[in-house]
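Q: Here is what each chain is made of, one letter per residue.
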Amino acid sequence: MITLKPKEQPEVPLEVENVTPDAFAGKTVDEIKALPIWHGNGTVPLSDFFEVEGEAGATAAETQIIIDGDVPQTKRIGSGMTAGEITVKGNVSMYVGVGMKGGKITVEGNAKSWAGQDMSGGELTIMGNTGDYVGSSYRGDWRGMSGGLITVYGDAGNEAAEYMNGGKIVIKGDVSIMPGIHMNNGLLIIEGNVIARTGGEMAGGTIVVKGVIDEFLAGFKYHGVEKDIEVDGETIPGAFYKFTGDYAIKGANGTVYAAVAGNSHIAP
Amino acid sequence: MELVKNVVCPFCGTLCDDIICKVENDEIVGTINACRIGHSKFVHAEGAMRWKKPQIRDENGELVETTYDDAIEKAAQVLAASKRPLMYGWSCTECEAQAVGVDLAEQTKAIVDNTASVCHGPSVLALQDVGYPICTFGEVKNRADVVVYWGCNPMHAHPRHLSRHVFARGFFRERGRSDRTLIVVDPRESDSSKLADIHLQVGYNQDYELLDAMRAAMMGHEILYDEVAGIPREEIMEAVEALKNAQFGILFFGMGITHSRGKHRNIDTAIMMVQDLNNFAKFTLIPMRGHYNVTGFNQVATWESGYPYCIDFATGIPRYNPGETGANDVLQNKETDAMMVIASDPGAHFPQKSLRRMAEIPVIAIEPHRTPTTELADIILPPAIVGMETDGTAYRMEGVPIRMRKVVDSDLLSDREILQRLLKRVMEIKTASK
Amino acid sequence: MEHIIKNGFVYDPLNEVDGEKMDICIKDGKIVDSVSADANVIDATGKIVMPGGVDPHAHVAGAKVNVGRMYRPEDSKKDVEAAATGGRAGSGFSVPSTFMTGQRYAQMGYTTVMEAAMPPLLARHTHEEFHDTPIIDHAAFPLFGNNWFVMEYLKEGDVDGCAAYASWLLKATKGYTIKIVNPGGTEAWAWGGNVHGIHDPSPYFDIEAAEIIKGLAQVNEMLGLPHPIHLHCNDLGHPGNYETTLASFDVPKGIKVNAKTGSRDAVLYATHVQFHSYGGTSWRDVVSEAPTIANYVNKNDHIVMDIGQVTLDETTTMTADGPMEFDLHSLNGLKWANCDVELETGSGVVPFIYAARAPVPALQWAVGMELFLLTEDAKKVCLTTDSPNAGPFTRYPRVISWLMSNRARTDLMEGELHKWAQRKSSIATIDREYSFLEIAQVTRATPAKVLGLSDTKGHLGAGADADVAIYNFNPEIQNPSADYRALEAAFQHASLVLKDGIPVVKEGVVVNPTLRGRTYWVDTMLDETVYNEVVADVEKQFKQFYSVNFANYPVQDSYLPHSTPVKGVIQ
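Going line by line, the protein sequences match chains L, B and R.
Residue numbers for the first sequence follow the numbering used here, so the first one is 326 and each next one is one higher.
Residue numbers for the second sequence follow the numbering used here, so the first one is 123 and each next one is one higher.
Residue numbers for the third sequence follow the numbering used here, so the first one is 2 and each next one is one higher.
Careful, some of the hints might be misleading.
Listed below are the simulated EDC-like cross-link pairs for lysine to aspartate or glutamate, each with C-alpha atoms no more than 16 Å apart in a straight line [what the hints assert, rightly or not]:
hint, chain 1, residue 1, chain 2, residue 2
1, R, K544, B, E296
2, R, K544, B, E149
3, B, K205, L, E336
The calculated label-pair distances, taken between Cβ atoms and stated as ranges, are [unchecked claim]:
hint, chain 1, residue 1, chain 2, residue 2, range
4, R, N480, L, T368, 41 to 47 Å
5, R, Q557, B, H166, 24 to 30 Å
6, B, S555, R, R358, 38 to 44 Å
Note that these hints are calculated values from the structure, not bench results.
Computed from a predicted structure; not experimentally measured.
From the three backbone atoms N, C-alpha and C, an ideal C-beta is built for every residue, glycine too.
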């Protein structure tokens, strides 16, 4: 296990693509201390901003990293990791778990936008809130998150699961607007409320909203009430309005389930 | 008095190139063909104070007149020392200056962003996701029988836009305006909506909802609700039919839709509606871009770096992510530690939170006039004005490149020259410190 | 400055040099017969020496190219480069930024590249991008095939008027040749339609593609242009289109070559013929008709073609063939950009994934290979990928490896390539392998000659520009057929590249990134009286129908810092 104890976080942010079990595995503490990280437009050794202790495993899978404190100015933790584990005992900046392929990341605080962008495997858990574009694609790409699991215990911002192609996202709190925008496949479960535009321009995939949807889109079709719905091999108890769409998109076959409780205003 | 013809107007993205300037004693004293806004720009009627010499703020916060050499030296020192410099603006200067600017940003490992970031940035994000079916203005004049203005008021912001492309007679539209159906989508009554055959008074922040319903209807689906965005189903159906029956339709869209709720997603779905309309009609679109060369910066930055704006050169390779690497993002997140402003006025247009950061960090302004930005600046480098005092390329809102003309002389350096000298000096400092 | 390149295996088809060990002498940027004893010695022992590569058809600079970059940040992100010393950074796999474009061509030993489609109204944009594209000499092809003036003149049978207009437009746009794309079809697209075949009249203008092709071919020879008409046929990418292709090829047959510069034999240059060689009636029953097309080219001497070889990559398609791109978007559902240009042309851009495992891309790959291998005379063939349409230009080395190695093709076909390649084409039955001389022919000699640039380009005889590429491949001890991967690597990153005698690449690394190439354009005139009448008429039409003033239309000289006009003849 390697522990990174953050020193004071700078105003000009850090980018730490190197803070992954893959990069740490098989390295000595001194080698890890010397790993370059970006500070603004220059690189510095990791040890400039973190105290490094412990021992890395021989492989990524055997390597566990603990970031022992708040790192709100640190981007790209766990970028592209394939195995092993990272725990952050505080808040993180953008792109935690970007391009993640395997392993586990747990953020005990909040995560800024683009958490789990382009993720294809592994598990990303955010105990607090997250910003916009959780589990999204990169700008311009129509192929977003393709696998893995993201769980957000708090709230999420706009455009959760944007261009999602596979995998599963669970948001236990509320989301702002446009969850599942341009979604093609996969499963998005929102246990809290949504302001508007659930499933906008979705071509496929499934969105389940257990809370209240303030406004719903007119490009969907209404199919009545279903009880104890089955999605992704699991049964979600309760009664749900079923919609399909978004028929703004040619050939769309996405599904939105909205809990009957609190949502009668969106059923026609 | 001398008449200089075929002058290109350095005001808005319509880039009218038929202006005649009346020149007396090397001064523009009047114009022919220009709109009132363009005219006032040419004759300096706005009353703005012009910087005649470079300025540096002293330790008491007072601006002190200085030389270009001195001001450029100080500016170069600031940029060379910065860990995350931001270079913002660019939309009121010409492309060669912009090209030197992108080079300067690359050499200083800076973030370079233009005013698109606060106007049609959402349109750029949308076209990157779903595409960009456009045409040049002449196509509109010659062919369009259905013209839609969505979220814009050209009568005010682009005064000659309607007269040059909609009221004008075209090859296949010999009667001009009466050969065309004019549709305005705007929550408000405006001088433009008053001219419209159809005015869809969409509810505030409901553009996406209306477009989603229109698109589903266009594909032959029933609209789920009786009323969407404050507009009854039947009225939506009528509008959709008008669009589908066009021979050649055009959608002009402005800040009313790029900046209402959902921003780029409104444009995204509008673009896709236009694309899908091509299964029924010929349909294209053009963003109503503001600054006369905001488009040019996006072009130059793209061919040089691969990205149109919000470009981050920190690691030596270009990276791009509006929302992270935009001017307001790095100001508000306090990421940037030095800022150079050129050819724009963020001091007047940025949110308070951004201005607070600008007040904390060194600011260099390359700016001809006294503006709210120069009030915040520590170093001011006044340039000659492009399109009047110096020449260069600008790109019209739909991408037509036009050569801006020089009409009168100026003692001041051009933006291009200032940037070249700044770049040269920064390189010297960087080389020396290696 | 003098150089002498010693002991290399020289391949120079225009001078009939086939791998002989010989010295190449350079003085003041030109190839010369001999140099003094003070000349800088470049040791090319065990290496291949060729003239600098010449790309006759690629999309590298201008409005739609930049849309391709701008609207694909996901393509830019996956291929990035930091600056070479003194150079500039960049990004873009399928559509690299300008600095990367010039540098990557140079790294492959290419020193001359033609931008294949320039909308006249947007010409300034193309030239601005050239300004930022290092090293390579270049020219741009203005689009004529859907131009209102051209269609009006030809409809009225006024070939002289059309020729005068063409000479004016070439000057105004600083263009190099008469480019024709889907004649009549892009004008139809301005109303959402298309034309099919060469006898389907364009709406309103009521003129057939055949008449446009023929008229412009006549104009081309009247003006004595260096390059023949450059034709992108109707019906691109449609199953069954080979009949349109053959019919188009026949149209200019019989017109006499009248090039005032260079020494071309062809009156027709047909581009990306791979996309025009399909049989069948739909994507279900599509088959290769490449053998039929190759057979036509073998039997006719008025034509030179480039292939547009599919490279099996994810790429970005872009063309002035507006309706084709909308069809493609309807087929693959990916983001569609378009720009219709008043009175002149149009364009479209759509990403495309040529997956080797998918049936149609596999067949398209096979069609291109058949065209290369069944056309007997390499003097009629140019190597292109219609970059980036069938794949980015950076894959030329891979195409070379497929051409020189039956093993490379077999490995691909027996590997991941979809079986349609073998089932619907004859590719599996062809074992021809190109020689190095033939490679030099299709990448240097043929393109230089058909472009009318062979006085100074595409060969290593005295008087040529000293554009030289040296590759780390020893044909005496290495076998390109067996060791095709080493071959590809050698051609990807040349050992040494000289541009006008100046080293620009050493061991694959760009060493002179600030160098800028020439801009070729054609300055020609037929009859001054007709010319003046035509220009006056054009000015009148401008006032009514264009959206820019006539005086602001022509590209100013200041946009061409290395302007190299090719003078025609004034009769």
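Q: Each hint needs a verdict: does it hold in this structure or not?
A: Hint-by-hint comparison with the structure:
no.: 1; hint: K544/R x E296/B; result: holds, 14 Å
no.: 2; hint: K544/R x E149/B; result: violated, 28 Å
no.: 3; hint: K205/B x E336/L; result: holds, 10 Å
no.: 4; hint: N480/R x T368/L: 41 to 47 Å; result: holds, 45 Å
no.: 5; hint: Q557/R x H166/B: 24 to 30 Å; result: holds, 27 Å
no.: 6; hint: S555/B x R358/R: 38 to 44 Å; result: violated, 52 Å
Consistency with the previously given hints fails for numbers 2, 6, ordered from lowest to highest.
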